[in-house]
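Using my numbering, read the sequence shown as starting at 373 and increasing by one per residue.
Careful, some of the hints might be misleading.
Calculated lysine-lysine pairs in the BS3-like style (CA-CA distance at most 30 Å, straight line) [to be verified]: (1) Lys482 / Lys495; (2) Lys482 / Lys507; (3) Lys482 / Lys509; (4) Lys429 / Lys495.
Calculated directly from the structure, the hints in this document are not laboratory data.
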Amino acid sequence: KEAICSSLQFDFPEANVLDLFAGSGQMAIEALSRGARRATLSDADQRAITCIRENVKNCGFADQATVLKSDSVSFLQRTSEHFDIAFLDPPYRHGILEQILPVLAEKMQKNGIIVCEHEPECKIPERILHFDLQKQKKYGKIIISIYRNADADAD
């Protein structure tokens, strides 16, 4: 997680961050600690929500964080908000990543960054709408994939 955040350190300042399947909320909290303006954290599990709320409060980011108990796909379909950076760490082997990536890509800002954690067996697309798979790195038994907008630098 530290390596991911270090590679995105210049993207965090003033960013609107989304943390889906947030678990403990550590990715969004790290983004806030590195200058993100605000974060929305979503998880369907009540124990995770309780943990996230406590962690956000203990780290002093309660005013900058919105914590939602929600199915991630439903949340994305409902929200009118657009995000600069999104973190996804869905349950493995459920096909959720393939389902959620196109919906998420619609909710990203033009210069947005999507960071996915998944198992090596999960085959993810090279391109999702206008986002290209820019980088993949293996960390033990997981892979971190980073998508960026292919057209963002063309302006």
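- Query: Taken at face value, is the distance from the CA of lysine 507 to the CA of lysine 482 at most 30 Å?
  - Reply: holds (18 Å)
- Message: Tell me if the straight-line CA distance from lysine 482 to lysine 495 falls inside 30 Å.
- Response: holds (25 Å)
- Query: lysine 429 and lysine 495: Cα distance at most 30 Å?
  - Reply: violated (36 Å)
- Query: CA of lysine 482 to CA of lysine 509, is that 30 Å or under?
  - Reply: Judged against 30 Å, a Cα distance of about 24 Å means the pair holds.
In this structure, the one hint that does not hold is number 4.
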